[in-house]
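Please model the complete structure; the sequences and the hints are all you need to start from.
First to last, the sequence lines map onto chains E and F.
Everything in the first sequence is counted per the working numbering, starting at 3 for the first residue and increasing by one.
Everything in the second sequence is counted per the working numbering, starting at 8 for the first residue and increasing by one.
Everything labelled a hint here was simulated from the structure, so no lab data went into it.
Just so you know, nobody snuck in bad clues.
Here are the simulated DSSO-like pairs of lysine-lysine, each with C-alpha atoms no more than 27 Å apart in a straight line:
| # | chain 1 | residue 1 | chain 2 | residue 2 |
| --- | --- | --- | --- | --- |
| 1 | E | K115 | F | K22 |
| 2 | F | K133 | F | K217 |
| 3 | F | K9 | E | K163 |
| 4 | F | K26 | E | K139 |
| 5 | F | K271 | F | K243 |
Listed below are several chain E residues computed to face chain F (Cβ distance under 7 Å; list not exhaustive):
| # | residue |
| --- | --- |
| 6 | F89 |
| 7 | D99 |
| 8 | P109 |
Cβ atoms here follow ideal geometry from the backbone N, Cα and C, with glycine treated the same way.
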Amino acid sequence: MIRLENINKYYQQGDSQFHVLHDINLNIDAGELVAIIGESGSGKSTLINIIGFLDDKFEGTYYYNDEPIHDYDRKDFSKLRNENVGFVFQNFKLLRDVSVAENVALPLLYAGKKRAEIKERVSEVLSKVGLAGYENKLPKNMSGGQQQRVSIARAIATNPKFLIADEPTGALDTQTSQEIMNLFKELNRESHTTIILVTHDPHVAEQCERVVTILDGHMIKDERNEI
Amino acid sequence: MKFIELLRTAFQSLKTNRKRSFLTIIGIMIGIAAVITILGMGDGVKKTMYDKFGNSKQGQQTTEIGYSSVDMGSTVHGFTEEDIANIKTEFGSEFKDVKIEHDSLINSKMTIGDEEKSVSINLEKKPEKSIDLIAGREITKQDLQMKEPVAMIKESLAKKEFGTAQNAVGTSISSNETTYRIIGVYGGGSKYDQYGTLSAKGTDVVVPYKLYYDGQNANEGDVIKLTFPQDAPASKVSKKIAKYLEKNGSAMNKGTYTYYDMEKELKAFSSQINMITGFISLIAAISLFIAGIGVMNMMYISVSERTQEIGIRLAVGATPTNIMLQFLIEAMVLTVTGGLIGFVLGAGLSHLLAPLLSLGGGIKIKAHVTLNAFLLAFGVSSAVGLIFGILPARQAANKNLIDILR
Chain E
3 MIRLENINKY
13 YQQGDSQFHV
23 LHDINLNIDA
33 GELVAIIGES
43 GSGKSTLINI
53 IGFLDDKFEG
63 TYYYNDEPIH
73 DYDRKDFSKL
83 RNENVGFVFQ
93 NFKLLRDVSV
103 AENVALPLLY
113 AGKKRAEIKE
123 RVSEVLSKVG
133 LAGYENKLPK
143 NMSGGQQQRV
153 SIARAIATNP
163 KFLIADEPTG
173 ALDTQTSQEI
183 MNLFKELNRE
193 SHTTIILVTH
203 DPHVAEQCER
213 VVTILDGHMI
223 KDERNEI
Chain F
8 MKFIELLRTA
18 FQSLKTNRKR
28 SFLTIIGIMI
38 GIAAVITILG
48 MGDGVKKTMY
58 DKFGNSKQGQ
68 QTTEIGYSSV
78 DMGSTVHGFT
88 EEDIANIKTE
98 FGSEFKDVKI
108 EHDSLINSKM
118 TIGDEEKSVS
128 INLEKKPEKS
138 IDLIAGREIT
148 KQDLQMKEPV
158 AMIKESLAKK
168 EFGTAQNAVG
178 TSISSNETTY
188 RIIGVYGGGS
198 KYDQYGTLSA
208 KGTDVVVPYK
218 LYYDGQNANE
228 GDVIKLTFPQ
238 DAPASKVSKK
248 IAKYLEKNGS
258 AMNKGTYTYY
268 DMEKELKAFS
278 SQINMITGFI
288 SLIAAISLFI
298 AGIGVMNMMY
308 ISVSERTQEI
318 GIRLAVGATP
328 TNIMLQFLIE
338 AMVLTVTGGL
348 IGFVLGAGLS
358 HLLAPLLSLG
368 GGIKIKAHVT
378 LNAFLLAFGV
388 SSAVGLIFGI
398 LPARQAANKN
408 LIDILR
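Below, the structure written as structure tokens:
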């Protein structure tokens, strides 16, 4: 499904260029649960941003379902994100002043869905993440674990082909982390959603069937766990 | 995303910042209110002029020549049938029509008892309101319509002629072969009002207008009305006729004929108004410009405050165009709201202020707020929103997603 070939990425820092990613080659098939691990600053977030169509400035070729993504422009990227990817961030990235329902509805609104349809879908995904009946709450009044569930609900609202999770458990305690991980595993198993997550928590990584290790912008390991 | 959802989003985020939104609106509101007030008053003046002296709907122009006798209470009329005939033979090719205009308050001769006396007469078209009746009854609407030969006389006149008010009722008074039955006596006010013209409530006699001008009286009067084709030099010809009458008019020895060029006067007045309108509009334009910069400022602040929100929206699939439209609509909702409130304020204010422009006792000026003024307010306020909102909105749309989410 995802095919990265010779991906290089540079950041401009003052006058000098900083080489973040070196010749990354990576294939991910539909239905996989992949963890990308590495030290902070190793470039794993940069990589996941490229995979998730957030970053359109990179060198190399990226085929998504054999489409040449590297040739797309900004507007195409918006559409790709809306239709194919769900995002879960470390700090949740919810609109804090609007209700849970409105937050979850966002991607559906941008997809041009009808209000009635949206309402139905929102309560469906909220009950899937264990937050049935929370529609009218405000995110700022909820716990971290609950907020992360809301953001997962938002990520899966449009039935995306894959989920991108950047340190999804980074701001949560161990027990809540495990609950979120269980939710991911359940989504992967039951809905066959492809999930790619970045983490530096070994407990999280060992629950994933495939672990890719990044060090200083190089992909140094790509192993499969027996689960 | 559907447009209606963009509108909803815009309203929602303006609502979370009520105070700031309101303050931003005020500038636009004042600018638009000033423009509408001035326009409403200016259009009011123009409309008054147009209605009174301008070209009528059939594309004609009318002017009036008046006669005033040297002696105020004189009953001599300035225009007779003969004068009209003379004017027609002399200037007939230069105007369309000439007619004697009848006043409803006149000085004339009437016969009371056996004596002919000079009296002031109120010719009623509809019953006078709140008349102070002393004896008999009032002239009714039906009397007026049926041209009943009835009259009312003032208490002072009744006492002089008949001793008491009661005695006068039932007697008669006549003018040019028409004899009116006196049916009532009233206590009138003073004969002249503050401007020195006859006052409706203070005349010696009240008789029905229609009946009075039915007979001989129709051929005499103090004002003539001239009608001209659209392109004729109405003012020039009227002046010539007035001059001619000074030398040949039937009553030239007892008074003066004047052509009072109202149109010219009002034109001068209206050009002054136009100048003031222009000047204040300029000031209003400056205030709108400043208000627009206020909107721009607020939108820039809003964009930088809501960077996270923009990032989230972009991440879940908003296109840059969606983001730009969202902020542009917010700016326009602000300015259009300000514009509409300003329009209402301005319309109200112009109605309050326009009467202050009225000229003495003559012409009353009423504000006239047109549909065009509304469209102007709407158009200008949307334009201000569009012009001053587009840059902040584009900045929002062009934010780098990676920088925001990092």
